[in-house]
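> Each protein sequence line maps, in turn, to chains V and U. Its first residue numbered 0, the first sequence is counted upward by one per residue in numbering that gives the first Met the number 0. Its first residue numbered 0, the second sequence is counted upward by one per residue in numbering that gives the first Met the number 0.
Quick caveat, the hints were computed from the structure, so don't treat them as lab data. Hints are not guaranteed to be accurate.
Derived Cβ-Cβ restraints for the label pairs, each shown as a range [stated by the list, open to error]:
#1 U/K266 with V/D97: 54 to 60 angstroms
#2 V/A195 with U/A143: 47 to 53 angstroms
#3 U/Q208 with V/E274: 42 to 48 angstroms
#4 U/Q208 with V/S271: 44 to 50 angstroms
#5 U/D293 with V/D97: 34 to 40 angstroms
None of these values were measured; they are calculated from a predicted model. No residue lacks a Cβ here, since even glycine has one placed at the ideal position from N, Cα and C.
Read off the chains here:
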Amino acid sequence: MIARRRREAGRSRTKALLAASSIAFVLGVAGQAVAAGADAAAEISPEQRAAEAESAWPNLKPDLFGDRKLIEGTDTVAIEAPKRATDPAVVPVKLSFDPTMDVRKVTLVIDENPSPVAATFEFADGADIRTLSTRVRVNAYTDIHAVAETADGRLFVTKTFVKAAGGCAAPAAKDPEVAAREMGKMKLREFQTGDAALNEAQLMIRHPNNSGLQKDQVTLLYIPAHFITDLEVGKGEQPLFTMTGGISISEDPSFRFTYGSDAAGPFHAKASDTEGKVFEKNFAGEQS
Amino acid sequence: MISPLLRAAALVALFATFWQAPAAAGSFPAFEEIAPGVYVRHGAIAEETPENAGAIANIGFIVGDDAVAVVDSGGSVADGEATLAAIRRITDKPVAYLIDTHMHPDHVFGNQVFAAAGAHVVGHRRLPAALAARADFYKQSMSAQIGPALAGAVAITPPDETVAEERRIDLGGRTIVLRAWGTAHTDNDLTVYDERTKTLFAGDLVFMQHCPVLDGSLKGWLAQIPALKAIPAERVVPGHGPVSAPWPEAIDAEARYLETLAADTRKAIADGVPLADAVPTIAAGERGAWQLFDDYNPRNATAAYAELEWE
């Protein structure tokens with residue numbers, strides 16, 4: 000809640016700044032040739048606006064991490080996302096971790112989203128998670144930050160910039176009738192990594208993961224958000240990771256991960272959503 | 000803090016200085032008679048911009064002995080008004096029906112013009128929910144495309160009546176048949192068939208020249224192509240492309256594209272290629288066959304991957 004309030008304060012400041020720059024710009028070009036105006040008009044392109052807008056990060060950082068130091072410029076955590084998203088509601092993000100650093104927790108922050116913390120992942124002792132890919136909604140041109148916490152309690156940060164807009168306000172399902180019918184189905188795939196010491200799997204969950212940012216046009220009230228809040232994934236006796244998620248994870252959440260653990264036994268997953276529904280599956284004998 | 004008044008004044012000044020007038024009514028594409036009593040205007044094969052006022056879809060109307068039915072209302076109020084004016088230059092019969100072929104803004108953002116003119120608005124049974132879920136999003140995204148002036152004038156107008164399967168409408172001496180389809184281009188695709196001239200208005204179930212856009216279900220779209228082809232039409236009006244083309248061969252290029260999209264996506268999934276790496280390769284061989292390919296194919300590939308990985 001604190002994060003949200005500060006976030007809103009940041010937004011109104013941003014708006015004030017934009018308004019101020021509009022006025023300055025109008026006063027500045029008054030009496031000048033129209034050609035100059037055309038150049039000035041080009042200055043408020045979405046790219047420029049995003050670049051000039053006050054970043055949300057200076058407010059987010061203390062809310063999320065207090066006064067703890069965030070170490071930059073290392074390979075402890077790396078982030079990959081497309082520079083320009085093909086679909087703002089399905090933006091692939093891949094996190095990679097330095098296996099020597101024993102990362103235990105990572106927070107994925109989409110700075111300019113209405114609810115910036117997309118997810119927090121915690122990695123179990125012995126899971127040895129090396130990469131983790133998911134898909135997120137992106138609502139505006141934004142930095143995406145990943146903050147990794149190592150077993151010794153240090154925080155490492157990295158970021159990337161993504162051009163996308165409208166991913167949170169866009170309705171979740173292309174076909175709501177199918178989405179409602181299939182909700183809670185899970186699928187697990189395993190992949191060959193070409194490295195005998197490294198395993199790879201993908202967990203997929205059918206869920207609208209509705210952002211709650213669409214308005215019901217009859218009542219003019221926002222449709223309640225409905226998304227997966229908690230997820231636990233393990234293999235045999237070995238827990239692998241947990242996720243605490245928000246509205247920025249795309250519809251039909253997908254988590255593809257590489258890991259060093261050689262745990263035997265079937266994968267299992269348990270997810271809970273905002274309506275208290277629990278989806279649980281043991282993947283014995285049906286991995287594809 | 001800047002006073003709201005000053006801010007408003009600044010915005011007005013900004014607006015007055017740089018607002019570019021959208022296409023004037025006279026410059027909207029002209030309607031041509033593609034079959035007796037069937038008129039279509041060509042939508043530009045382009046993204047929507049303030050200059051084209053959203054007039055990028057093929058829009059048509061059918062004139063019966065008693066009444067006129069309009070098929071899609073255009074991409075803005077100005078676009079709808081241009082169509083209504085064009086109808087009035089051809090006939091003074093009442094515009095009794097507006098038929099929405101699906102939810103996309105370039106097809107329904109002129110609805111209010113025809114509703115105000117007394118037309119009964121008809122759409123797919125899932126159109127009201129689809130529009131309701133997207134109204135805010137469309138107003139926001141369209142403001143970025145056709146500009147705040149044109150987008151701000153739009154009052155998203157749902158249908159008065161919906162069609163679950165089929166609806167026959169008598170325009171006086173000629174009957175048009177509305178058919179609601181399963182999820183394909185969107186989850187609310189509706190076609191209009193004029194029995195007298197054997198003309199099929201396919202909406203965006205048929206794209207020609209313009210890269211097809213997938214906003215529904217790839218499997219659903221492919222599965223319904225045989226039923227579409229079985230319609231005994233002589234000509235089709237695609238949602239985007241020429242105003243008229245011979246049926247059913249007009250759908251061949253789109254069918255090939257969708258099959259390629261599905262085949263390439265299925266191969267990437269089977270090979271374990273992650274979404275981000277797969278998208279640039281999917282249907283890449285179709286690039287030369289379509290306009291606006293780079294605007295739409297990557298999004299189609301993303302949607303196809305997300306759909307087909309659940310097979």
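> Which numbered conditions among the earlier hints are violated in the structure presented, ordered from lowest to highest?
Failing hint: just 1.
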